[in-house]
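Protein sequences appear in the order of chains L and R. Just add 9 to wherever you are in the first sequence, counting from 1, and you've got our numbering. Just add 9 to wherever you are in the second sequence, counting from 1, and you've got our numbering.
Heads up, some of the hints might be wrong.
As the list makes no split between identical chains, a pair holds if one copy fits it or if it spans any two.
As the list claims (entries may be wrong) - Calculated pairs, DSS-like style, for lysine-lysine (alpha carbon to alpha carbon, straight line, at most 27 angstroms):
{"id": "1", "residue 1": "239", "residue 2": "304"}
{"id": "2", "residue 1": "94", "residue 2": "156"}
{"id": "3", "residue 1": "94", "residue 2": "270"}
{"id": "4", "residue 1": "262", "residue 2": "94"}
{"id": "5", "residue 1": "94", "residue 2": "239"}
{"id": "6", "residue 1": "318", "residue 2": "265"}
{"id": "7", "residue 1": "156", "residue 2": "318"}
{"id": "8", "residue 1": "153", "residue 2": "229"}
{"id": "9", "residue 1": "94", "residue 2": "269"}
{"id": "10", "residue 1": "193", "residue 2": "120"}
{"id": "11", "residue 1": "304", "residue 2": "270"}
{"id": "12", "residue 1": "262", "residue 2": "120"}
{"id": "13", "residue 1": "304", "residue 2": "153"}
{"id": "14", "residue 1": "126", "residue 2": "229"}
{"id": "15", "residue 1": "229", "residue 2": "156"}
{"id": "16", "residue 1": "94", "residue 2": "304"}
{"id": "17", "residue 1": "153", "residue 2": "262"}
Rather than coming from a laboratory, the hints here were simulated on the basis of the structure.
So the chains spell out like this:
There are 2 protein chains.
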Amino acid sequence: MGYYLQNTFDHDAVSFRLINDYPSRPGKGIRPALCLAACGLLGGNILNALNTATTIEFLHNAFLIKDDLVDGSVYRRHDVTLNRKYGFELAMNTGDALNVLGMTPLFDNLKELGVQKSLQIIREIHRMAAKSVEGQCMELSWVKSNKLDLTPDDYYLMAERKTCWYTCITPCRTGAIIGARSIKASDLESITGFARSIGLGFQIRDDVLNLVASFENYGKEINGDIREGKRTLMLIHLLRSCSDDERDRIGRKLSKSRMKKTNEEVEFIRRAMDRYGSIDASIRVAQGFGSRARKTLERSGWAKEARWKEFFIELTGYLVEREM
Amino acid sequence: MGYYLQNTFDHDAVSFRLINDYPSRPGKGIRPALCLAACGLLGGNILNALNTATTIEFLHNAFLIKDDLVDGSVYRRHDVTLNRKYGFELAMNTGDALNVLGMTPLFDNLKELGVQKSLQIIREIHRMAAKSVEGQCMELSWVKSNKLDLTPDDYYLMAERKTCWYTCITPCRTGAIIGARSIKASDLESITGFARSIGLGFQIRDDVLNLVASFENYGKEINGDIREGKRTLMLIHLLRSCSDDERDRIGRKLSKSRMKKTNEEVEFIRRAMDRYGSIDASIRVAQGFGSRARKTLERSGWAKEARWKEFFIELTGYLVEREM
Numbered sequence: 010m011g012y013y014l015q016n017t018f019d020h021d022a023v024s025f026r027l028i029n030d031y032p033s034r035p036g037k038g039i040r041p042a043l044c045l046a047a048c049g050l051l052g053g054n055i056l057n058a059l060n061t062a063t064t065i066e067f068l069h070n071a072f073l074i075k076d077d078l079v080d081g082s083v084y085r086r087h088d089v090t091l092n093r094k095y096g097f098e099l100a101m102n103t104g105d106a107l108n109v110l111g112m113t114p115l116f117d118n119l120k121e122l123g124v125q126k127s128l129q130i131i132r133e134i135h136r137m138a139a140k141s142v143e144g145q146c147m148e149l150s151w152v153k154s155n156k157l158d159l160t161p162d163d164y165y166l167m168a169e170r171k172t173c174w175y176t177c178i179t180p181c182r183t184g185a186i187i188g189a190r191s192i193k194a195s196d197l198e199s200i201t202g203f204a205r206s207i208g209l210g211f212q213i214r215d216d217v218l219n220l221v222a223s224f225e226n227y228g229k230e231i232n233g234d235i236r237e238g239k240r241t242l243m244l245i246h247l248l249r250s251c252s253d254d255e256r257d258r259i260g261r262k263l264s265k266s267r268m269k270k271t272n273e274e275v276e277f278i279r280r281a282m283d284r285y286g287s288i289d290a291s292i293r294v295a296q297g298f299g300s301r302a303r304k305t306l307e308r309s310g311w312a313k314e315a316r317w318k319e320f321f322i323e324l325t326g327y328l329v330e331r332e333m
Numbered sequence: 010m011g012y013y014l015q016n017t018f019d020h021d022a023v024s025f026r027l028i029n030d031y032p033s034r035p036g037k038g039i040r041p042a043l044c045l046a047a048c049g050l051l052g053g054n055i056l057n058a059l060n061t062a063t064t065i066e067f068l069h070n071a072f073l074i075k076d077d078l079v080d081g082s083v084y085r086r087h088d089v090t091l092n093r094k095y096g097f098e099l100a101m102n103t104g105d106a107l108n109v110l111g112m113t114p115l116f117d118n119l120k121e122l123g124v125q126k127s128l129q130i131i132r133e134i135h136r137m138a139a140k141s142v143e144g145q146c147m148e149l150s151w152v153k154s155n156k157l158d159l160t161p162d163d164y165y166l167m168a169e170r171k172t173c174w175y176t177c178i179t180p181c182r183t184g185a186i187i188g189a190r191s192i193k194a195s196d197l198e199s200i201t202g203f204a205r206s207i208g209l210g211f212q213i214r215d216d217v218l219n220l221v222a223s224f225e226n227y228g229k230e231i232n233g234d235i236r237e238g239k240r241t242l243m244l245i246h247l248l249r250s251c252s253d254d255e256r257d258r259i260g261r262k263l264s265k266s267r268m269k270k271t272n273e274e275v276e277f278i279r280r281a282m283d284r285y286g287s288i289d290a291s292i293r294v295a296q297g298f299g300s301r302a303r304k305t306l307e308r309s310g311w312a313k314e315a316r317w318k319e320f321f322i323e324l325t326g327y328l329v330e331r332e333m
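One chain only, chain L, in its complex shape (with noise of 0.2 angstroms):
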């Protein structure tokens, strides 16, 4: 972190401590694990990931600080989150500056990769980025409007982008474009519909997790999802399955404000959830991801190296099964 803060600021005004306070928390560093993997997986050299993975790692990072200030949440790994240790405003600057910093080991990739594979990569982050705001929109957008007739396809389509893209497809898309010395725009599409479908896993994994986890493995508080009104496949799966009745009371408690909702209401959702089946049918939901993951892996021909290959399957089962 030291040597990134020198190569992109040349005042001390950005707090050391601050910026370094998420990336230093133990994360499980997923996104940039899947970057050298892909990278490795195309028979590339994972070294030359190195640079791009650490930027994929850093966006998330600062993402993680936005993502908090908006939401006003308490917990993020195992901690209290950095707007309730520094205050709003420290918090905002410290996710701009995190963002600015992140771009900088991208401009590393020069020598390495050359100007032209350098421009495709920056390329590939910014897509990223467009695609995680435009799921985020949606996503605020469902919640504000307290929207209750969504299906689960609504739900993929706002997970693929909010989710899928930073999380996974672009660490696997700029992975394998470095790994490979050449890459086919159709083994390209084959690399994110595996990232897709492990993405989608993950996510709602995820989201099971924040209803069924301890906070000791999770580190975030349970059932913020459903306090924060979020539309999860498992309040979806309930909207749908549940009485006209049942509905209207439910959308009635989803439509107060984070704050106003008692704990009371979002207990009764939570059973809700039980009693319809909604969690059990997430994660069967999450494992047909796994397996659709598993086997695009098995037939794809871009999948070059054994062991890397060896690792994706068992990563596969990690990223859609995992405990915390």
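Following the hints, position chain R against chain L.
Same frame as chain L, but now just chain R:
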């Protein structure tokens, strides 16, 4: 805007109405004008700088959205701010979306500028973002720590980063890079110095207008900077001119948060500035930066096109003496 919206996002979740709100309010358009003019000044076809000028203007608008959010501002460009109009979350999302969309025109540079120069422009824009964040962090840390012993040099260091880079230096540098066949490092340094001077003159004039303009002309709250505790050149002049006793009194008023400062406290500081001639002194400093800029321009070897040189001389006068 519609073109870039389609070119950046593939779903209609990003609201055209919201993202187009600030960009469609009448603004001065100084930044894109500087970029195009610098391109012409160095002998280039100004159309080649259009993409970059567009990016700079979009990013400026994204920055205003965030700035208004953080400052909790109420008015911008003669209308209520986005945060007041649509609430915190939607404003934040719109700022993010405009930031991402703002980068899109840079990828259109490839056709006219080629891959090498396109990447160079992206690096310049990245540097601009880094400087701006740094300047904001400096300013914020001064307010947070209620710093009372700043010098004019501290102010110039901060304002150069907070304002000059994104308002003048980067527009001029990118315009010059695009306009010149190839540009000497010493010329680029000299252009940077020129743009720094007009930028400082512009910012000091802006801070003066915050105190003396009419709302009709200025479009923002009068005395808003005092309320926010911003360390303007006038405030620094006042703190360096007044007695120790007065500095203590002013310091106590400044230490209160924006919301807790009474109108009387704001007025007290404002009147003290009048008493010590802080505003007149700052007006002279701004004019001084204007003269310095004109001298750099007159003596320069890089100001090739006479009509654009004329434009820059007139603009310099406007920036440091404008009434709105």
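Against the structure, the hints:
1. 239 x 304: neither (31 angstroms within a copy, 59 angstroms between copies)
2. 94 x 156: Between copies only: 22 angstroms across, 33 angstroms inside.
3. 94 x 270: both (24 angstroms within a copy, 24 angstroms between copies)
4. 262 x 94: between (30 angstroms within a copy, 25 angstroms between copies)
5. 94 x 239: both (25 angstroms within a copy, 23 angstroms between copies)
6. 318 x 265: Close neither inside one copy (46 angstroms) nor across copies (59 angstroms); limit 27 angstroms.
7. 156 x 318: neither (40 angstroms within a copy, 57 angstroms between copies)
8. 153 x 229: within (23 angstroms within a copy, 29 angstroms between copies)
9. 94 x 269: both (23 angstroms within a copy, 22 angstroms between copies)
10. 193 x 120: Result: close both inside a copy and across copies, 24 angstroms intra and 23 angstroms inter.
11. 304 x 270: Neither. Shortest intra-copy (42 angstroms) and inter-copy (64 angstroms) distances fail the 27 angstroms Cα cut-off.
12. 262 x 120: Result: close neither inside a copy nor across copies, 55 angstroms intra and 53 angstroms inter.
13. 304 x 153: neither (38 angstroms within a copy, 55 angstroms between copies)
14. 126 x 229: neither (38 angstroms within a copy, 45 angstroms between copies)
15. 229 x 156: within (25 angstroms within a copy, 37 angstroms between copies)
16. 94 x 304: neither (45 angstroms within a copy, 49 angstroms between copies)
17. 153 x 262: within (13 angstroms within a copy, 39 angstroms between copies)
Checked against the numbered hints given earlier, this structure breaks hints 1, 6, 7, 11, 12, 13, 14, 16; the rest are met.
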